[in-house]
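**Q** Spelled out from the first residue to the last, the chains are:
Protein chains: 2
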Amino acid sequence: MKIAIISITTQGKNISDKIYEQLIKDPTILHIQQYHKNVKQAIKETFNTYDCIIAIMASGIIIRSIAPYVNSKLTDPAVLLIDDNANYTISLLSGHMGGANNLTHKISQLIGSTSVITTSTDVNQKQGIDEIARKYYFNLENPENIKYINRALVDNRKPTLQIPTKYTYLIDDELKDSYEIKQDNTNDTLIATIDNHSVILTPQNLVMGIGARRDIAQSKVEHAINTACQILEIPPQRIDEFATVDIKQNEEGIIKTVENLGKQIQIVPRDTIETYKNEQCSKSDFVMKQFGIKGVCEPTSLIINGENSELIFKKTAYDGVTIAVSKK
Amino acid sequence: MKIAIISITTQGKNISDKIYEQLIKDPTILHIQQYHKNVKQAIKETFNTYDCIIAIMASGIIIRSIAPYVNSKLTDPAVLLIDDNANYTISLLSGHMGGANNLTHKISQLIGSTSVITTSTDVNQKQGIDEIARKYYFNLENPENIKYINRALVDNRKPTLQIPTKYTYLIDDELKDSYEIKQDNTNDTLIATIDNHSVILTPQNLVMGIGARRDIAQSKVEHAINTACQILEIPPQRIDEFATVDIKQNEEGIIKTVENLGKQIQIVPRDTIETYKNEQCSKSDFVMKQFGIKGVCEPTSLIINGENSELIFKKTAYDGVTIAVSKK
Chain A
2 MKIAIISITT
12 QGKNISDKIY
22 EQLIKDPTIL
32 HIQQYHKNVK
42 QAIKETFNTY
52 DCIIAIMASG
62 IIIRSIAPYV
72 NSKLTDPAVL
82 LIDDNANYTI
92 SLLSGHMGGA
102 NNLTHKISQL
112 IGSTSVITTS
122 TDVNQKQGID
132 EIARKYYFNL
142 ENPENIKYIN
152 RALVDNRKPT
162 LQIPTKYTYL
172 IDDELKDSYE
182 IKQDNTNDTL
192 IATIDNHSVI
202 LTPQNLVMGI
212 GARRDIAQSK
222 VEHAINTACQ
232 ILEIPPQRID
242 EFATVDIKQN
252 EEGIIKTVEN
262 LGKQIQIVPR
272 DTIETYKNEQ
282 CSKSDFVMKQ
292 FGIKGVCEPT
302 SLIINGENSE
312 LIFKKTAYDG
322 VTIAVSKK
Chain B
2 MKIAIISITT
12 QGKNISDKIY
22 EQLIKDPTIL
32 HIQQYHKNVK
42 QAIKETFNTY
52 DCIIAIMASG
62 IIIRSIAPYV
72 NSKLTDPAVL
82 LIDDNANYTI
92 SLLSGHMGGA
102 NNLTHKISQL
112 IGSTSVITTS
122 TDVNQKQGID
132 EIARKYYFNL
142 ENPENIKYIN
152 RALVDNRKPT
162 LQIPTKYTYL
172 IDDELKDSYE
182 IKQDNTNDTL
192 IATIDNHSVI
202 LTPQNLVMGI
212 GARRDIAQSK
222 VEHAINTACQ
232 ILEIPPQRID
242 EFATVDIKQN
252 EEGIIKTVEN
262 LGKQIQIVPR
272 DTIETYKNEQ
282 CSKSDFVMKQ
292 FGIKGVCEPT
302 SLIINGENSE
312 LIFKKTAYDG
322 VTIAVSKK
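Protein sequences, first through last, are from chains A and B. Note that our numbering numbers the first sequence so that position 50 is 51, with each residue one more than the last. Note that our numbering numbers the second sequence so that position 210 is 211, with each residue one more than the last.
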């Protein structure tokens, strides 16, 4: 996720700095850029290329600035608004698909503000179908029908939700409170239906790349995978494939852990990584020195996930294990 | 003030009804209209003709709906946002000149929500120069300089504020905390200055029309004037002129009260009212029966204030006295 933080006043800049210092450490934030003073220019530069804009200013300024660019809830970035005293963090635009509501809670925790969320489903403690799609990395096949599902939820009606058995782990009390759940073993998609209107959710492919020190303990690999998934707010079962480099293909700690999750580990030849070029990948001098490649977890994740895949979790080290996750 | 309330869900409609029932009794609200479901159409109909839009829905919906229409903080209506559970009332657009911040507090009190204000001056407990203009009915001569004054306030600098002695009553602790105040007897305008940038505030003309039962007690007239001014959030001295009909020109209760305020009472001939046509005026069957005219307080206020004046306080009866106020 790419985030832009825009401030105007000196107080606002201090809040911007505080958020920057915290988010730069967050593995799910791949790029973060601070802007100060020229709001119109900052919006012009970021609205269509960033995933989230955090505006620290009066609501009128940010609304007037984004007005020429707003297009669709499926493509617009998340826009968050924070007042100059950090009293409130308000989810302004793209609450569900853009993840603004979720980010609002995250930022509020960082700066000690109150989260202000206005989407009806959230206000009524229901799981909007677009929020489920965002949270668990599904594509929405027919977004024009979202409104039927979400309005039914707000009116305390229960749409049916057909869930493939492989995604049984999605079912929790909140989901059961929102939907009439039907388990299903015939296909790979989630289908929400009310009054003959359906929304179909098809899974994005998630690949976790794993690098590790020699003779890594299984418990350390497990810990690393679980921690990364916790930060991504998904269960480890949601990861579709795992990947590592051929040098690590006999590491018992990695092999066993992936096996225990009932998943496959894909092996990428070192040669492939050597010639692989992708701007998303960071460089490790240590790995370069040892193995002549830039890294393991990021390139293997992206190579296995194929063209147009993008990192959602940048390389992060946990006690001898490095983890990266991409989606496509 | 003309207000439109727009809701989408059943819960939202209930909140809309609650606000409607309260505001319809408010003398400063001259027209109020409820809209349900079709937000785009409601915005199209009201954005350029209403003073305030209260949207009960998700922020994304109202922001996407107003985006094509937003133009300038000096002319756009106040836009307020309330979530479906009435947890928060958020001042979204035209916080100062449009009065959105002030209305946000008012609506929050009516429905028991939390007010969310994001304008830097308010957040920092300073009186923005545009907020002073709105509150006390001044026109802003050079709005392009507002930013210099308000940014200085936010940076804890004190702009000078030149106040004519006739407006001494504006000076309170909050104003003194925001500005370096200079009293002045040479002109009729307020002038705020910082770093050679000035904002000039010229007063709108406020005329209060008064009707009353025969032999009305002075205390009752005083009570009526004070109550109306309290609701308008201005001191009685801010009223520039008073008006009544010739039939009442010898009513001691009215004459003495206006004299005590150091103001003039303007007398309007009954004939003038008889032939006066203005859609803003309500009709009183009682007055029509007794004197052959539609009313006293509204037409006399508008006639004395002249062409293009508009009511800011509709006819309201207080124990034998009727009050209306217009601005121009």
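Fair warning: there could be bad hints in the mix.
No distinction is drawn between identical chains; accordingly, a pair holds when it is met within one copy or between any pair of copies.
Straight line, CA to CA, 30 Å or less: simulated DSS-like cross-link-like pairs of lysine-lysine [to be verified]:
| # | residue 1 | residue 2 |
| --- | --- | --- |
| 1 | K264 | K278 |
| 2 | K38 | K264 |
| 3 | K41 | K74 |
| 4 | K74 | K45 |
| 5 | K3 | K159 |
| 6 | K257 | K41 |
| 7 | K14 | K74 |
| 8 | K74 | K38 |
| 9 | K167 | K148 |
| 10 | K136 | K38 |
| 11 | K290 | K148 |
It should be emphasised that the hints constitute simulated quantities derived from the structure, not laboratory data. On a predicted model such as this, the values are computed, not experimentally measured, just so you know.
**Q** Treating 30 Å as the Cα threshold, decide for K290 and K148: within, between, both or neither.
**A** neither (54 Å within a copy, 56 Å between copies)
**Q** Check K41 against K74 for me: Cα-Cα at most 30 Å, and say if that holds within a copy, between copies, both or neither.
**A** both (21 Å within a copy, 15 Å between copies)
**Q** State whether the alpha carbon distance between K257 and K41 is at most 30 Å within one copy, between copies, both, or neither.
**A** Answer is neither: 53 Å inside a copy and 56 Å across each miss the 30 Å cutoff.
**Q** At most 30 Å between alpha carbons: which applies to K38 and K264, within, between, both or neither?
**A** neither (49 Å within a copy, 47 Å between copies)
**Q** Checking an output row: K74 and K38, CA cutoff 30 Å. Within, between, both or neither?
**A** Both. Shortest intra-copy (27 Å) and inter-copy (19 Å) distances satisfy the 30 Å Cα cut-off.
**Q** As a check of your reading, is K264 near K278 (CA-CA no more than 30 Å) within one copy, between copies, both or neither?
**A** within (27 Å within a copy, 82 Å between copies)
**Q** Between copies, within a copy, both or neither: which fits K14 and K74 at Cα up to 30 Å?
**A** So K14 and K74 pass the 30 Å test inside a copy (28 Å) and across (24 Å) alike.
**Q** Please sort K136 with K38 into within, between, both or neither, judging by C-alpha distance up to 30 Å.
**A** between (33 Å within a copy, 28 Å between copies)
**Q** At most 30 Å between alpha carbons: which applies to K74 and K45, within, between, both or neither?
**A** both (18 Å within a copy, 20 Å between copies)
**Q** Given identical chains, is K167 near K148, meaning Cα to Cα at most 30 Å, within a copy, between copies, both, or neither?
**A** Only inside one copy: K167 and K148 sit 27 Å apart there, 57 Å across copies, limit 30 Å.
**Q** Is the C-alpha distance from K3 to K159 at most 30 Å within one copy, between copies, in both cases, or in neither?
**A** Answer is neither: 35 Å inside a copy and 39 Å across each miss the 30 Å cutoff.
In terms of the numbered hints stated before, the structure departs from hints 2, 5, 6, 11, listed from lowest to highest.
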